[in-house]
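Student: In case you want the letters, here they are:
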Amino acid sequence: MNDNKPFEMESSGIDTMSLENDLNPRSSDEEDRAHLLLSRWMDMSVVQRRVLEALAEEISGTSNMVESNVVELSEGFRELVSSVNDQSQRVDNIIKLVSEVELDGNRIPLSDLTKLLEDALVEVVDHIANLSKRAMEMVYALDDVIVHLEEVDNCINGIERINSQTNLLALNATIEAKRAGEAGRAFSIVAGEVKQLSTTTKKLALDIRQEVNAVAEGVRSGHKTLTEVATMDLSGHILLKERLDNMVAALLEQNKSFTKVLEEASVSSRDMSSAMGRLITGMQFQDRFKQRLENVVGAMSVLCEALEDTEKQTYQKSESIREKQSQDIDPLLIEKFLSRMHMDEVRRRFVEAIVSGESPADDLNVPKKEAVLQHTDKDIDDIELF
Amino acid sequence: MQFELKSAANSQELWLTGRFTFTDYASFRKLVGEVVETRVPKIVVDLSRVDFMDSAALGMLLLARDEASRRNQSLILRGAKGQVKRVLEVARFDSMFVMEN
Numbered sequence: 001m002n003d004n005k006p007f008e009m010e011s012s013g014i015d016t017m018s019l020e021n022d023l024n025p026r027s028s029d030e031e032d033r034a035h036l037l038l039s040r041w042m043d044m045s046v047v048q049r050r051v052l053e054a055l056a057e058e059i060s061g062t063s064n065m066v067e068s069n070v071v072e073l074s075e076g077f078r079e080l081v082s083s084v085n086d087q088s089q090r091v092d093n094i095i096k097l098v099s100e101v102e103l104d105g106n107r108i109p110l111s112d113l114t115k116l117l118e119d120a121l122v123e124v125v126d127h128i129a130n131l132s133k134r135a136m137e138m139v140y141a142l143d144d145v146i147v148h149l150e151e152v153d154n155c156i157n158g159i160e161r162i163n164s165q166t167n168l169l170a171l172n173a174t175i176e177a178k179r180a181g182e183a184g185r186a187f188s189i190v191a192g193e194v195k196q197l198s199t200t201t202k203k204l205a206l207d208i209r210q211e212v213n214a215v216a217e218g219v220r221s222g223h224k225t226l227t228e229v230a231t232m233d234l235s236g237h238i239l240l241k242e243r244l245d246n247m248v249a250a251l252l253e254q255n256k257s258f259t260k261v262l263e264e265a266s267v268s269s270r271d272m273s274s275a276m277g278r279l280i281t282g283m284q285f286q287d288r289f290k291q292r293l294e295n296v297v298g299a300m301s302v303l304c305e306a307l308e309d310t311e312k313q314t315y316q317k318s319e320s321i322r323e324k325q326s327q328d329i330d331p332l333l334i335e336k337f338l339s340r341m342h343m344d345e346v347r348r349r350f351v352e353a354i355v356s357g358e359s360p361a362d363d364l365n366v367p368k369k370e371a372v373l374q375h376t377d378k379d380i381d382d383i384e385l386f
Numbered sequence: 387m388q389f390e391l392k393s394a395a396n397s398q399e400l401w402l403t404g405r406f407t408f409t410d411y412a413s414f415r416k417l418v419g420e421v422v423e424t425r426v427p428k429i430v431v432d433l434s435r436v437d438f439m440d441s442a443a444l445g446m447l448l449l450a451r452d453e454a455s456r457r458n459q460s461l462i463l464r465g466a467k468g469q470v471k472r473v474l475e476v477a478r479f480d481s482m483f484v485m486e487n
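Same order as they appear, the protein sequences are chains A and B. 1 is the number of the first residue of the first sequence in the working numbering; add one for each residue after it. 387 is the number of the first residue of the second sequence in the working numbering; add one for each residue after it.
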């Protein structure tokens, strides 16, 4: 209301102007100058209004652009979070997989597998020891058989010795029987029988010797084969268990390191996921920024409306002001504005808005997506400039 | 392989030197037989000077143990080292014999 007062005083002055003009020529001159100044103020008001409108548009446009970029960014981060979560799920699966093996359709932890392997190897080693024991037992037994066979051989020798004495005895008996003549005839028959027995015994002893020799031959051959088996040293195979134990221990150790690295990867994934979650939450503050800018734009609109009102009231009071107004905006002022604006598109929109008095709203509301894409394709570093 | 028999108060000690393999079975068996016949309660097989043992030797030790236990004698393996110690350990002889260092 206070601002309107000078206008009222001024207008009352205008009403009395014709009277005072004649009385005081200086007063008319002063009034002209006041009119001129007022018309400049009016020009300035128009410029202010258009500039305010243009700036409000620029702010709203920028806010919308930021909003749409933030929405895209949030969406991108959400996808990233989901990918990272998938990834950590996979890593967890790998951790489970590397600590187990599938055996006969069952999932067995590696630690249990080493137990199974240990048991199997212990059994093998026990078998080797037992086999060596049995082989040696056989060797001992066959040794004993060979000793017994030698004794049998000695017995046959004894039989042969006795037999040859019997044979000699029979021969002597035959001679003595002949010498006795008729009286020795019966004795001669007995001597003949004894000789016959001796011959049979000799043949029998020979047969036994042949059989025993065959048995001895078989036993020696068996002994030889057994010796070959027993001399096959399996101590190296026993020590193979030691090597396998070491290998399994090394494998378990490696698996442990592997699992540790994977667990670290899993933890990193989760950290990444929660960091991105915080980023998304952070970006939700964009809404607050937008509201603040809307408040600023709202205040600017009120200012524009007030300026427009004042302009209208002034025109109503004095038509001559409108005539005196230079409809064009001072190019020097535009130049000054432009000297403070570095972006071509902002300059273009600004000039269009203040020269025509209409804002190229549709141009601003759509973010320059192509330009954004070109920028990101070209060089990430350029984004800051953008 | 060389063998040496040492008598102590209530034990007989069989000292072995060199490589203990199948080729030594006859003399080892004979010596074990002699020691067992003495009926001492404790038989010690000293392996501290044995640097190699094959699987046949393991079999011979197991048979000697059977022989001794039939007469209620205990058979002790003493001083095994290197390959001999490792083979005895892997074959779990410590669960079948009294082992001494």
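Since the hints were made in silico from the structure, they are not lab data. Where hints are given, some of them may not hold.
[Claimed, not checked] Capping the alpha-carbon separation at 30 Å, the derived lysine-lysine pairs in DSSO-like fashion look like this:
1. A:K224 / A:K260
2. B:K416 / A:K133
3. A:K290 / A:K256
4. B:K428 / B:K471
5. A:K195 / A:K178
6. A:K224 / B:K428
7. A:K133 / B:K392
8. A:K96 / A:K133
9. A:K224 / A:K290
10. A:K256 / A:K96
11. A:K241 / B:K392
12. B:K467 / A:K317
13. A:K115 / A:K256
14. A:K241 / B:K467
15. B:K428 / B:K467
16. A:K260 / B:K428
17. B:K392 / B:K467
18. A:K115 / B:K428
19. B:K471 / B:K392
20. B:K471 / A:K133
21. A:K260 / A:K290
22. A:K256 / A:K241
23. B:K416 / B:K428
24. A:K115 / B:K467
25. B:K392 / B:K428
No experiment lies behind these values; they were computed from the predicted model shown.
Student: Hint by hint, which ones does this structure get wrong, listed from lowest number up?
Tutor: 1, 3, 6, 8, 9, 11, 12, 16, 18, 21
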